[in-house]
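J.: With chain A's structure known, arrange chain B on it following the hints.
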Amino acid sequence: MPAKIIQTNDTPFHRVPVDPITLDIVENALRNARTEMDAVLFRTAMSPGIREQHDAYPMIANEEGKMVVGQFGSFLYGFMQGYEGTIEEGDIFITNDPYSCDGAVSHLNDWLLMMPIFHDGRLVSWAAMFGHMTDVGGKVPGSLPTDAKMIYEEGLIIPPSKIFRKGELNDELLALMLANTRMPEWNKSDFYAILASLRLAERRVRENIQRFGVDTYISAMQDMLDRNKLAMGAIIKMFIPEGDHKAYFEDWIDDDGQGNGPFKIACSLWREGDVAIFDFTGSDPQSLSSINFLLNEEMFKMFFGAFTINLFDPQILFNDGFYDLVDVRIPPGCILKPKKPAALSCRTHMLGRIFDLMGGLLGQGAPDALNAAGFSDSPHFMYSGFDRNGEWFQLFQIGFGGVPGRPVGDGPDGHSLWPAFTNVPNEFLEAYFPLRIRTYATIPDSGGAGLHRGGNGITIAYEMLEAGEISIHDDRWLTYPWGVNGGEPGMRSTKTLERTDGTKENIPSKCDRIKVEPGDILHFNTWGGGGWGDPLQRPAEKVWDDVQRGLVTVEGARRYGVVIHKNKVDEKETEKLRAEMARKRGDTKLFDRGFENLHELKARAKAETGFEPPKDPEFFAMKQAAE
Amino acid sequence: MTTTEDLIRTYESRLAEIEARLARVEGAQAPAPRAARRRGTGDLRLGVDVGGTFTDLLLLDEGKGRIFTAKVPSTPKDSSIGVLNGIEKICREAGIRPSEIAEVMHGTTVATNTVLTGSGARVGLVTTKGYRDTLQIARSYVPGGLGGWVIWNKSLPLARLEDTIEADERIDAKGHVLVPLDEKKLRKDLEKLAETGIEALTVSLFNAYVSDIHERRIAEIAAQIMPGIPISTSAGTMPEMYEYERTETTVVNSYVRPVVANYVSNLQTELKDQMGDVMLQILRSDGGLSSAQAAMDHPVNLLMSGPAGGVSGAKWIAKNAGFDHLLTFDMGGTSTDVALIEGGEARTRRETRVGDVTVRAPSIDVRTVGAGGGSIAYTPELTKALRVGPQSAGADPGPAAYKKGGEEPTVTDANVVLGYLPADAKLGGDMDISRDLAAKAVQKVADALDKTVEEAAEGIIAIVNENMVGALRLVSVEQGYDPRDFALIGFGGAGPLHANALARLIGAWPAIVPPGPGVLCAYGDATTRLRNEASQTFVKNTSATSDREVGKMLEELADRAAQDLEDEGVTRSEQETIYQIDIRYAGQGMKLTLDVTPEDFQREGLAGVEHRFDREHEQLFTFALDAEHELVGLRAVVQGAEKPFIGRDYGTAGPDASGAVVHETKVYEGGQWHATKIYDRAKLKAGNRIPGPAIVTEMDSTSLILPGHVGVIDKVGNILIWPEDHEKAR
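For the protein sequence lines, the chains are A and B, in the order given.
627 is the number that the UniProt record's numbering gives the last residue of the first sequence; the numbers go up by one with no jumps.
730 is the number that the UniProt record's numbering gives the last residue of the second sequence; the numbers go up by one with no jumps.
These are computed hints drawn from the structure, not numbers from a lab.
Take every hint as true, because none was put in to throw you off.
Some chain A residues near chain B, calculated using beta-carbon distances under 10 Å: (1) 32; (2) 195; (3) 306; (4) 355; (5) 369; (6) 400; (7) 404; (8) 406; (9) 410; (10) 414; (11) 425; (12) 427; (13) 439; (14) 441; (15) 461.
Beta carbons: idealized from backbone N, C-alpha and C, even for Gly.
So that you can see chain A by itself, here it is in the shape it has in the complex (with noise of 0.2 Å):
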């Protein structure tokens, strides 16, 4: 049963035309108040996640829960489908349960509060912003244990609830959330933080109405959903064939950090009329640990508008207009649609290659738009423990590398490719965290060789100044960031732990709780993007000046047949060994993704990583439990 919506005012809504600069007044408006509700939360939020790194979404929507303006797509309209009570003035939810709310938020530690927006007794707009909290409680210091079997190992779980009521905070449901977190100061004030975000953002929406009137403001969020319907089904019917050609790619994810992998995920692509369909049959079964992603339908519709928005026209406003032109079906039971109680903390390596999969999918049908692979280089370091006069500390920080070449040039070095991330400043990390980060800097040839160079990945060298325990969430570092059309892929990621006696260890990818002491040195070495184009193509000053920048080493310069000889580039040497490679390589491959297939993979792993293998994933288990 939906939710019951609790009106004072029954007057209907009259849909009236709207001038066109009234629609752009209330257009950039709203747009303008999503940039402000973002300058609050980092302005009055606690937590390095949120005030530095930006790890939080903000959203406003129409009277229906569409989204008018906002990043990831609305999961309203399923929230008001699936809520089992009533919607009343002064309200406001909180959640933070991906199994009830179809994964609009997908693991614990993301806190979701929804604002619908009254005015003059009626509801005319929803708020709506969420954020990653550091610790939401559970088995391991940050929430998220790699090897959970269940959600409930991974935190309170807070099912939709009014955490204010006509109004009035309830705060017996606070203190709960806050009795169950390892930071609970923090956690409060990105709560309120968002809550002011939210606020904020009710103004500017009641501004608009005083302004131009209901109606107006109303039929006004109307035409933005229509105007991007309408782009984008242009864009569909530019970009993706009809017929009986169905795109295909699939992709994988390394391991789930308990011996097994890799995981595939798979998509096919083709249009029926208006409508593009992409189909995850063929996907990997869910897992046994907490890297199943509960992906939102709705929300990879967003990724998909937002990626081909901005390949092909990033001046168009990108909201949920165009959601009846996609068709999105996910296998129940799958990796990316498990069935509760999975466990889904660590999502962050599917959701990133989400996107990879995404850009190989769309870019077969056109070479030439394509990028290379690369996304999804997030990973997380979590550092915690209790300092040498008894107080706890605890970082939870999210890494950056490369990102990959594309059509319009070299991919940046260690940058991000979430939107708004920035990384966290190492003068604050030294300042409020018992760390000193010795190195902090791109890695040589990490980059994939191309045309144009995927970006380097990022060293950083953090050394630890307490007794603690550390926790890692990393990926590829055994399957490849692949390189396309002749480019090659970038490199692996590496961990690598260097105690006080002089010891090295290799650290998995995966892994919680590793014991550290004062002194001890883990070297984060986040991955390379792949490479776009035939890197015998590059220009050789180019390459030249990659060296000079110290980017590229004098060796690395040599994959892209460039010899370089007493600090200048030998052109003859250059010439021969470009035409020796090409004449070695033939034609240059759609993918490189540096491997023939699994087994031969694996059959390498060890010699090249220093680990065995990941056995092959059992499925059989897991089904059971979850039905």
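T.: Chain B in isolation, oriented as in the chain A frame:
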């Protein structure tokens, strides 16, 4: 987790460093007592604004209540020549000797242009070992939202990686030396760096905001190895946490420094030759004033100096006319700057953006588009669409109508063809206008479009107006403001010609043309209040300090700031002091700055400050917390008295303005010619009404009132243009 005590120790040691550094800097330079500068024979203030096309001057004679203005062509190769020409001219017209001028306030675009044209110095950079990629990685931020990475290309850092070296040294977050500086290796690396041909050096070390002991040592060594190369240290430029922002800001400082320092020091020398003991001050991006020496050392604060003058001038004039919600629109020869003033205050931002470059230096929020009187109109071969700008005929050769050899059709030429800029009007007093040459140039566009020359000229004006509307939308609509709630003030050489049409496009009434619209920036320069501040970082929870401690520090800061201002000739009785306290909840990343009068602090103490902070936090963010309050910084701001309004007396008269008509002409608008009167602005009186179409000429500019509109002269001499049926037009 770092304890509060640790933090306090950290900042105390940092504070001690900063104070020690200040003492050293002051001791080393041993400036002459500033009071001496005021002992010139006169007390006149001169505002000077150097634009791309013209150099504008405005002389304020407070004692006699007079102002003079002058306009001369800019001399882009060496702007100081134009400035000196202008001074000569304005002194001649005012009948004074240059030595009677005591102060010169100057807004300059020299730093901006250096960044925009990429013509800055080749900058070498010294970082801490392990941090050479600080600018390359930046904050890892990719603009453009989800999927934005697909189309974004990053520009090269202003200090190139091949010109970046690492110093083997390390200071920890508390300011202790962990690894002493390896001077031997550094010398070797600096020697190599010197050979690459760098022209400026930035030293930006990790944690230098806490202790700059190694930055200073490196600067000393570098000064020996590369004498004559200007060296900027990050702690000396922006002693704040965050290594990327500090490094970038310092590198931009280095990048523009040779050009700016050269310009300011030449200008200063030549001014002294002419005027004796004159005080030169440069307008900063945030609208404040900077001494010449500070401008040369920290040019990163001048990136918006030019536009800030215009905004200050507009604000000041409009305030005297009773308007405090304003869109300002400064149209010059090559570009147009727009800004928004709300409630009498210009919007400022914490950082300054010029082109791709963003630095941590406060500035007035000004947006610029490449549309000006000199913008060239053309029709691309393929589409035959009519485009205007951003290419500009600039000052040389200038528009075709100026008879200096220009042949390309410009916006000015279109204005001439349409009769908006009558061929017998004077520009800068000494410049002739040829309608024939203008028509010949515009004919090129007319031929390509198969239109008459008048139709083509109207098209050019429509397109350039549309471009400027785009910029006005950036500061209004896109910030959530409705332009219809604002008045539009148009100035700069070309602003008064376009103000009426722009106001009509965006519905901002009235369109205001201030008196002396061509020299409004110089007006802003000359009327800026002298201001000085003294601040110090002070990180402490309020519970760990006392009213007495904080009060004492604020008093000392106020005294320091006041002393400097007094040295510049502003007696204490003319001064106004305000305390600023940076405060937040312990743990937050932001801080709010609260203004508190000394009297209020005396009465309410820290409890009052906390209370105000909670209130303000609640108002801004809808909530207050029951958390500890943390002080972050203390500041005392001392300002001189506001300048009284000086202007002509416009008397009072009836609506009839026919006495000011000097000529009959015709203008082309809306597809037809209209008979039009030309008015002499000098003869207009307050209360006069000018029915459109009409042209109003004055020494430095020409205003256009369109058919269906009316211009009303207000008491301070502004022309307020309204639609003739507007309720306020009566």
